[in-house]
Amino acid sequence: MLKRLTLMLALLTSPVHADVADVVADHILPGYAAFAQATADLDLQAAASCDPDTLRPAFQTAFDAWMAVQHLHLGPVEEAGRGLAIVFWPDPKGLGRKAQLALVQGDPAKLTPEAFADQSVAARGLTGLERLLYPTGPWPADTCPLIRATAADLARLAAEVQGGWTSGFADQLLTAGAPGNTRYLSEAEARQALFTVLVTGLAQLHDQRLGRPMGTFDRPTPERAEAVASGRSLRNVRLSLQALRALTESLTEAAPLTQAALDHAVTLTETLNDPVFAGTATPSGRLKVEVLQQAVEQARLAVLAEIGPALGVGLGFNALDGD
Amino acid sequence: MATRRAFLSGLAALALPKPGWAAVGSPHCLAAGKTAERYVLHGLSADGQSLFAVDLPGRGHAAAAHPHRPLAVAFARRPGTFAIVLDCLTGAEQHHLTPPAGRQFNGHGVFSADGSLLYTSEVIAETSQGRIGIWETAGFQRIGEWSSGGIGPHDLKRQSDGGLIVANGGIATDPADRSKLNIATMRPNLTRLSPEGDITAQAELPPALWQNSIRHLALAPDGTVAFAMQWEGDPAEPVPLLGLWQVGAPPQLCPPPEAEAFRMQGYAGSVAISASGRIALTSPRGGVVTIHAQDGTHLATHARADVCGVTALGAGFLLSDGSGALWSLDDRQLSPLTRGDTAWDNHIVPLT
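Each protein sequence line maps, in turn, to chains A and B.
For the first sequence, position 129 (counting from the first letter as 1) is numbered 128 according to numbering that gives the first Met the number 0, and the numbering increases by one without interruption.
For the second sequence, position 87 (counting from the first letter as 1) is numbered 86 according to numbering that gives the first Met the number 0, and the numbering increases by one without interruption.
Since the hints were made in silico from the structure, they are not lab data.
Quick caveat: nothing in here was measured; it's all calculated off a predicted structure.
Do not take every clue at face value.
[As the list claims (entries may be wrong)] Short, incomplete list of chain A residues facing chain B, as computed with Cβ under 7 Å: (1) A79; (2) P91; (3) V120.
Ideal Cβ positions, reconstructed from N, Cα and C, are used throughout, including at glycine.
Using the sequences and the hints given, assemble the complete structure.
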């Protein structure tokens, strides 16, 4: 009863645009601004020093900032391969390392900003920097020029994504349904775009960040976890859940079940003492990660059951069908 | 009874001129969709206006348009146990096609050039072995079947010489639902059948791509086959989803540029070739359509949520999405044509 009353109040008090506008103003734009700032700081520090120990804190801060926005698979980050160039994971064939090996031993002209922007997305970004700042073995040549090129390129990418939002894409989302807006033909389409981001973000957490290290019960694959070298696997899951919770909060007030499910999943990440999911190698350790994975799935189901109807949208008619 | 009716309708055909597609407004194409809780098949003009709409008994997958008469055969989603022949002038269900015992329709069908025969992609339910069902179109009686040359055939297209190109997707499915049974061992192929049903050419993908199900087809005037694939392997692997086949030669794969490699999320839903030779490939999962040159080179990617149906429209394309919009597409941009409350289904069927 209380829940229904809250829901009705929420519906009565929310202006039509509040959902999308709130997400843009409170979640997306500040998130990309923080990521641009963090990568600019990292670039500045890399210009001053190539010492991995010196750069690691700024790298960790930049990765944290990325986790607050990495689920936003729409707009500028999807264009020109920017999102892939910021983080290229999973990389089961080790394309990134191979490309970087060629770069550290190759023509330095490939490391100028213009030339480096055309190098493989697998070699660049946070995943590229991680291999340079947290090496698992010696590199065959000096990595300093590549560290600097990668940090500068990452800052450029972050600035481009932020600029793409502030100089056009945010307006497209906010003026959904207005004459001349051919990107979003109705307000519902803008809500659906954010709803899809939320559902896809949870699915990606489930299938990739948690699913890849879990492997199968008979053959767990902890080595496939994300950002193992920098010790961020579990941290990325927690930050991603918190980011999705923040998105949910801005998107609708009418989602108590979703909020509770996300809170529960966040709590599990706080008590799971397994920073790079190495524990998935043992049955009991894997079970703990599986419990977290199930909590993520519960959150996704809550989003579908609760937020879809609240926003009056669903997942794509064809995207879901599959044939 | 059916035979007698066929005989009578045959007599009627001799006596009266039959209405053609002009009688229903000369549609450019057909598209199925869902309006509120109703499933409908629309005839669409080149500018995206609905010229007629007829009810369907359930969600369809694709349709086949008779080359002359305003008749459409709507296929159920696979595995399907029925297809219906609709009179687009009256909306009446003229015939209800049921595959023989142990067979299932698999989503697509095509008429012969003269309209006298209908070919349907089918599987033997227990094994997913592919069959092409053959139906005469006076009374829509089954008159035979051929092997499709593979497992799980899906789309099929008619060549100008009357031969058929079949996309044998390679996936064996449970006869009761759509669960996939053989992902680890699947092996799709393209098969060309002569007008007599003989397999005259087949092509397979390299073994590393056997988990790339070949599902949808488009034919260029010069005979080139464009094929669209759906990747069942590790989603982290960037695989081509478009290929070209000159019948008799090995298939040529058209990998996207690295930066675009994951935008389709391993899933291409439809493919079409325009009059100018451009190729369009859609992905409702990735919410994008890509345009390619005649040789498969990627030219552009345009974002649109849940876009799937595509057919040629002059030098460009007509597209449909699950939000009710129809679009025209050229190299530069997607432009909305119409928007309504019909969520458009996977495919647009051209009238040819």
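Against the structure, the hints:
1. Checking A79/A against chain B: minimum C-beta separation of about 6 Å stays under 7 Å; hint holds.
2. Hint status for P91/A: holds, given a least beta-carbon distance of 5 Å to chain B, under 7 Å.
3. At its closest, the beta carbon of V120/A sits 6 Å from a beta carbon of chain B; the interface hint therefore holds under the 7 Å criterion.
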